[in-house]
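A.B. asks: Please work from the sequences and hints to get the whole structure.
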Amino acid sequence: MSWGKGITIAMIAFMTFILYMVFTLMSKNTDLESDDYYKKEIEFEKEIQSLTNTSKLKEKVKVSQLEKYVVIQFPAIEGIDSMRVELFRPNNEKDDQLFILKETKTLTILKSKLKIGIYNLNIHFKIKNESYMQKETIRI
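The sequence shown begins at 1312 in this note's numbering and counts up one residue at a time.
These aren't lab readings, by the way, just hints derived from the structure by calculation.
Hints should not be assumed to be uniformly reliable.
Unchecked claim - As a list, the in silico DMTMM-like pairs of lysine to aspartate or glutamate whose alpha-carbon atoms are at most 20 angstroms apart: (1) Lys-1379 to Glu-1358; (2) Lys-1439 to Glu-1352; (3) Lys-1437 to Asp-1347; (4) Lys-1373 to Asp-1347; (5) Lys-1437 to Asp-1406; (6) Lys-1437 to Glu-1397; (7) Lys-1405 to Asp-1346; (8) Lys-1413 to Glu-1389; (9) Lys-1422 to Glu-1397; (10) Lys-1416 to Glu-1441; (11) Lys-1373 to Glu-1447; (12) Lys-1367 to Glu-1441; (13) Lys-1437 to Asp-1346; (14) Lys-1426 to Asp-1406; (15) Lys-1351 to Glu-1414; (16) Lys-1413 to Asp-1392; (17) Lys-1426 to Glu-1447; (18) Lys-1405 to Asp-1347; (19) Lys-1424 to Glu-1447.
To be verified - Listed next, with one range per pair, are the computed distances between beta-carbon atoms: (20) Glu-1447 to Ala-1387: 13 to 23 angstroms; (21) Tyr-1331 to Ser-1393: 49 to 59 angstroms; (22) Ile-1329 to Lys-1416: 25 to 35 angstroms.
For every residue, glycine included, the Cβ atom is placed at its ideal position computed from N, Cα and C.
C.D. replies: Have a look at this one:
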């Protein structure tokens, strides 16, 4: 085999590899974390204050995983209201979920209703009109 044939075969193989990578990567879904990303960036100071408030609490929200459930238990503190739990799937916004708790301080989520993967868990609640927020990452 001559040099010309070897170089031609190597160039064709390299171009085929590049085209394969381009088509593979272009077919992947790359959603932003949220559509109103820049609006959320402006509200980031409030989030920092809520996280600081949560770090001062004696009891934190407990997140545990059982065989078939994810259990979120709010602490037994008087005056907790406006409880909200957000599950964010970083790579697919269609799998995001929002739960609002009114009367109970325990949320039980069936794992069978969640897709396997990583979820960012944002837990929001208020105590006497002061905002609190706890962030967790869970793997299903």
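A.B. asks: Now, for every hint given, state plainly whether the structure supports it.
C.D. replies: Each hint tested on the structure:
1. Taken as a hint, the Lys-1379 and Glu-1358 pair is broken in the structure, with Cα atoms around 31 angstroms apart against an allowance of 20 angstroms.
2. Proposed proximity of Lys-1439 and Glu-1352 is contradicted: the alpha carbons are some 26 angstroms apart, above 20 angstroms.
3. A threshold of 20 angstroms between alpha carbons decides the hint, and for Lys-1437 with Asp-1347 the separation of about 23 angstroms lies outside it, so the pair is violated.
4. Between Lys-1373 and Asp-1347, the direct Cα distance comes to roughly 29 angstroms. Violation of the 20 angstroms bound is thereby established for this hinted pair.
5. Of the supplied pair hints, the one linking Lys-1437 and Asp-1406 is violated, its CA atoms being roughly 26 angstroms apart against a limit of 20 angstroms.
6. At most 20 angstroms may separate the alpha-carbon atoms for a hinted pair to count; Lys-1437 and Glu-1397 meet this at roughly 15 angstroms.
7. Annotation: proposed proximity of Lys-1405 to Asp-1346 holds, straight-line Cα distance about 12 angstroms (limit 20 angstroms).
8. With a C-alpha separation of about 14 angstroms, the suggested pairing of Lys-1413 with Glu-1389 holds against the 20 angstroms cut-off.
9. For the given pair, Lys-1422 sits about 15 angstroms from Glu-1397 by alpha-carbon distance, which is consistent with the 20 angstroms threshold.
10. Using a Cα cut-off of 20 angstroms, the hinted pair Lys-1416 and Glu-1441 holds, with the two alpha carbons roughly 18 angstroms apart.
11. At most 20 angstroms may separate the alpha-carbon atoms for a hinted pair to count; Lys-1373 and Glu-1447 meet this at roughly 10 angstroms.
12. A C-alpha spacing of about 12 angstroms is found between Lys-1367 and Glu-1441, which places the hinted pair at or below 20 angstroms, so the restraint holds.
13. For the given pair, Lys-1437 sits about 25 angstroms from Asp-1346 by alpha-carbon distance, which is inconsistent with the 20 angstroms threshold.
14. Restraint check for Lys-1426 and Asp-1406: satisfied, since their Cα atoms lie roughly 8 angstroms apart, inside the 20 angstroms limit.
15. At most 20 angstroms may separate the alpha-carbon atoms for a hinted pair to count; Lys-1351 and Glu-1414 exceed this at roughly 29 angstroms.
16. For the given pair, Lys-1413 sits about 7 angstroms from Asp-1392 by alpha-carbon distance, which is consistent with the 20 angstroms threshold.
17. A threshold of 20 angstroms between alpha carbons decides the hint, and for Lys-1426 with Glu-1447 the separation of about 17 angstroms falls inside it, so the pair holds.
18. Among the hinted pairs, Lys-1405 with Asp-1347 is consistent with the structure: their alpha-carbon atoms are about 15 angstroms apart, no more than 20 angstroms.
19. The hinted pair formed by Lys-1424 and Glu-1447 meets the criterion: a straight-line CA distance of about 19 angstroms does not exceed 20 angstroms.
20. Checked against the hint of 13 to 23 angstroms, the pair Glu-1447 and Ala-1387 passes, with Cβ atoms roughly 19 angstroms apart.
21. Range check, Tyr-1331 to Ser-1393: about 51 angstroms between beta-carbon atoms, so the 49 to 59 angstroms window is met.
22. A hinted range of 25 to 35 angstroms is violated for the C-beta pair Ile-1329 and Lys-1416, which are about 55 angstroms apart.
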